[in-house]
Amino acid sequence: MSALNTTTNSAVLSSLSGAWAAFAKEASVVLGALMNPRKVLDEVEQMRKLFNAAHALEQTDPARAEALRARAARIGLN
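Numbering (the working numbering), first residue to last: 2 to 79.
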């Protein structure tokens, strides 16, 4: 077996391992949401309130409105 094949096989296995880890993490998040939908609903409600507040402030304080939108966008990323 040549060195090129060994390197290629190693790269493929590394990629598959990373893909599997990402899939497992995503599956875990989905299962968590299915097991505890109240948390997801609370986060969506909080985002809605922030977006509504941002919309109300858009004309008078655009910088604050943008900060509220940024805060809303980060909800649920923990």
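Check each hint, because a few of them may be wrong.
As the list claims (entries may be wrong) - Subject to a maximum C-alpha distance of 30 Å in a straight line, what follows is the list of computed DSBU-like cross-link-like pairs (lysine-lysine): (1) Lys26 x Lys50; (2) Lys50 x Lys40; (3) Lys40 x Lys26.
Hints were generated in silico from the structure; no laboratory data involved. Treat the numbers as computed from the prediction; the structure is a model and nothing was measured.
Status of each hint after checking the structure:
1. Lys26 x Lys50: Roughly 29 Å between the alpha carbons, so the hint for Lys26 and Lys50 holds.
2. Lys50 x Lys40: 16 Å, holds
3. Lys40 x Lys26: 18 Å, holds
Violated hints are absent here; each numbered hint is respected by the structure.
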